[in-house]
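In the order they appear, the protein sequences are chains A and B. Reading the first sequence from the start, the letters are residues 1 to 246 in the numbering used here. Reading the second sequence from the start, the letters are residues 1 to 485 in the numbering used here.
Hints in this document: simulated from the structure, not taken from any laboratory. Check the hints yourself; a few may be wrong.
Under the rule of at most 20 Å between Cα atoms (straight-line distance), these lysine to aspartate or glutamate pairs were calculated in the EDC-like manner [as the list claims (entries may be wrong)]:
| id | chain 1 | residue 1 | chain 2 | residue 2 |
| --- | --- | --- | --- | --- |
| 1 | B | Lys29 | A | Glu194 |
| 2 | B | Lys479 | A | Glu34 |
| 3 | B | Lys356 | B | Glu302 |
| 4 | A | Lys89 | B | Glu308 |
| 5 | A | Lys183 | A | Glu166 |
According to the in silico footprint, chain A covers these stretches of chain B (three or more CB under 8 Å from chain A) [unchecked claim]:
| id | stretch |
| --- | --- |
| 6 | 17 to 26 |
| 7 | 59 to 73 |
| 8 | 323 to 333 |
| 9 | 369 to 380 |
| 10 | 419 to 427 |
| 11 | 461 to 469 |
By construction, the Cβ of each residue, glycine as well, lies at the ideal position given by its N, Cα and C atoms.
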Amino acid sequence: MRVSLFITCYNDTLFPETGKAVVRVLERLGHTVEFPTGQTCCGQMHYNTGYQAEAMPLLARFVDQFKGAEAVVVPSSSCVAMMRDHYPKMALALKDKELQRQVDELLPKVFEFSEFLTKRLGLEDVGAYYPHRVTYHASCHGLRNLVLGDGPMRLLKAVRGIDLVELQGLEQCCGFGGTFAVKNAEVSSAMLAEKTTAVLNTKAEACTACDNSCLMHIQGALHRQRTGVKTVHLAEILAGDQGVAL
Amino acid sequence: MSGVGLDPRTAPTFPMAAKTMLGDTQLRKNVRHATDVIQAKRARVVAEMPDWQQLREAGKQIRQHTMEHLDFYLEEFEANCTRAGGVVHWARDAEEARRIIVGLVKASGSDEVIKIKSMTTEEIQLNSALEAAGIHPFETDLAELIIQLGEDRPSHIVVPALHKNRQQIREIFQKKMNLPELGERPQDLADAARMFLREKFLRVKTGVSGANFLIAETGGVCVVESEGNGRMCLTLPETLITVAGIDKVVPRFQDLEVLLQLLPRSATGERMNPYNSIWTGVNAADGPRTFHVVLMDNARTEILADEEGRQTLNCIRCAACQNACPVYRQTGGHAYGSVYAGPIGAILTPQLQEMKHAQSLPYASSLCGACYEVCPVKINIPEVLIHLRNKVVKQNTAGVAGFFDVEASAMKAMAMIFRSERRFRAAQRLGRVAEGPLVHKDGRGEGWIGWLPGMLGGWTQVRDLQEMPKETFRDWWEKRAANGR
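Could you put the whole structure together from the sequences, leaning on the hints where they help?
Written out as structure tokens, the structure is:
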């Protein structure tokens with residue numbers, strides 16, 4: 001299949017390894033990967049913070065970059081949630097019939113990375129090897145907006161060498177919430193403290209998720225506390241094919 | 001805090017109030033314990049309903065239909081209530097509602113009232129208005145009694161004293177009821193409250209209640225509760241005054257079939273409320289001789305007129321969203337500066353204030369969606385939060401002041417960057433240069449930022465930020481393409 005990547009502004013700038021891992025997994029599975037270079041940002045931060053007008057042009061940009069794609073894969077559950085939950089409403093608000101049509105046509109082809117593997121391709125075992133003790137955090141948008149269910153867990157369970165340990169309260173928000181972490185820094189920190197305690201209790205070497213935004217937040221505290229525990233995007237685990245060093 | 005209600009017009013912003021609450025470890029422990037217990041009970045009784053999702057959808061449909069025809073059902077309620085011997089009053093706002101109720105109590109010839117737990121009377125701060133008029137209100141709901149005697153403020157919609165534990169309640173009772181020998185078993189506390197209240201029930205001749213539902217078809221009023229104290233207030237006084245928001249109406253008696261399944265399971269984890277009271281007008285042989293209903297608007301028609309905010313009025317006040325909310329669970333209710341706390345408070349309060357106050361509340365959420373997941377009538381709270389954030393931004397960026405709004409300027413600048421690939425790439429390069437002076441190497445030789453300036457400083461209170469990688473994904477992709485991949 002011809003797969004178009006929307007890597008997201010965030011991963012592109014701060015977590016390029018995630019994008020590389022997505023490419024590696026998809027190519028290993030025999031797909032052709034494309035990266036439309038005109039892509040920038042889905043507009044989530046603006047939209048969710050109340051700057052809807054600023055997010056509008058980014059919708060048109062996204063559609064323009066990806067129209068005609070066979071499948072669009074995004075390694076970020078919150079960006080996909082932004083598109084599914086808000087793009088149709090935004091197109092309607094713009095009163096642009098052609099854009100509405102394009103959004104309706106494009107959205108069913110947009111998948112979060114783990115969702116693409118499990119739901120679109122029907123895969124669980126992608127031939128990965130990752131000999132580490134890992135715990136999985138279910139990001140809120142993946143869990144509730146995209147209803148990923150146990151898809152990511154099934155992918156992880158099929159990884160050879162992995163020691164998968166369940167995270168206590170895995171459905172609890174880590175406290176990131178985009179600008180929430182800055183606007184309500186104290187409450188966000190209190191929520192994060194519960195999450196990192198749960199992660200440390202698992203004695204895992206790494207915590208994984210389908211969203212680097214949660215992981216950056218969790219990793220920030222794990223590093224501040226000098227725990228030595230890492231965070232790693234699900235795609236990077238699935239890309240592992242020989243003893244990858246953490 | 002004595003005598004001071006929760007007033008969004010004077011409350012500190014949510015982040016400020018939350019900071020204070022986060023320092024109160026006893027309160028946080030109490031809130032956490034209580035919400036854990038209620039959530040577990042709710043999960044158990046919801047799981048035994050195979051048609052729970054269909055019930056939620058039915059509840060949503062009933063509420064949505066009602067709001068679309070609210071004028072019709074309110075008039076139907078008024079006609080049927082009047083026919084049954086009730087007297088209907090209309091109040092445009094809190095001030096008018098207070099004036100009507102105080103007048104009715106005075107006309108009843110009493111300078112005391114017994115009250116049933118009611119969020120609407122809290123919303124309009126009725127107790128202080130009654131006291132100012134020389135009328136003493138006695139709260140009869142156990143939790144409200146604890147709040148009243150402790151000169152405290154409610155912190156939860158269903159369990160107003162949720163932030164207090166048993167020892168704290170015992171201390172309040174001991175002091176205010178003058179009971180030096182009071183034991184500490186739940187039974188001892190319940191007995192003390194019963195003794196204290198029984199005398200009020202038998203003496204006071206005027207009752208004030210809220211309403212869970214107003215039934216348009218019959219003109220009846222429905223109140224659900226767990227203790228039976230409400231039923232005492234509904235049946236013993238000679239005069240009964242009920243105040244309800246106009247959003248409380250339901251079209252038909254049969255709609256209660258759905259709503260009275262959704263409400264108790266969501267609110268207290270009970271299959272059914274122990275007491276479901278429905279009264280319709282007056283009856284010479286039994287109950288109050290005089291019955292008044294005050295139908296209060298208080299900004300509800302403005303909410304109704306807002307297509308995206310409208311679903312807020314579907315709320316049946318079960319507080320399941322509060323119990324599920326990770327933000328509420330950290331801070332408790334007082335941080336919200338309003339009697340409506342938690343996610344529903346974060347959307348209801350600013351709208352009741354016509355967005356003039358409580359502007360920090362729409363941001364008091366990480367948008368995790370746990371509230372939407374448990375809402376029995378499927379109010380999409382995250383969606384309304386985002387809608388209200390947009391209203392806040394529009395208010396704050398209007399006019400000259402908006403030009404100097406730091407956040408708005410940053411947001412606009414970033415949006416401009418994202419509108420062009422060239423500018424985006426330049427910003428990525430610039431970011432790497434700009435962060436340079438802030439980066440320090442850790443023991444593994446990785447670069448981390450431990451301090452950020454200005455608005456972003458909140459991030460680095462408890463978290464580090466990894467330095468930007470040397471190469472972006474798109475740079476890697478292009479290099480790879482150039483190498484023939």
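Now for the hints, and whether the structure bears them out:
no. : hint                : result
1   : B:Lys29 - A:Glu194  : holds (13 Å)
2   : B:Lys479 - A:Glu34  : holds (14 Å)
3   : B:Lys356 - B:Glu302 : holds (13 Å)
4   : A:Lys89 - B:Glu308  : holds (11 Å)
5   : A:Lys183 - A:Glu166 : violated (31 Å)
6   : 17 to 26            : holds (count 3)
7   : 59 to 73            : violated (count 0)
8   : 323 to 333          : holds (count 4)
9   : 369 to 380          : holds (count 4)
10  : 419 to 427          : holds (count 4)
11  : 461 to 469          : holds (count 8)
The structure shown violates the earlier hints numbered 5, 7.
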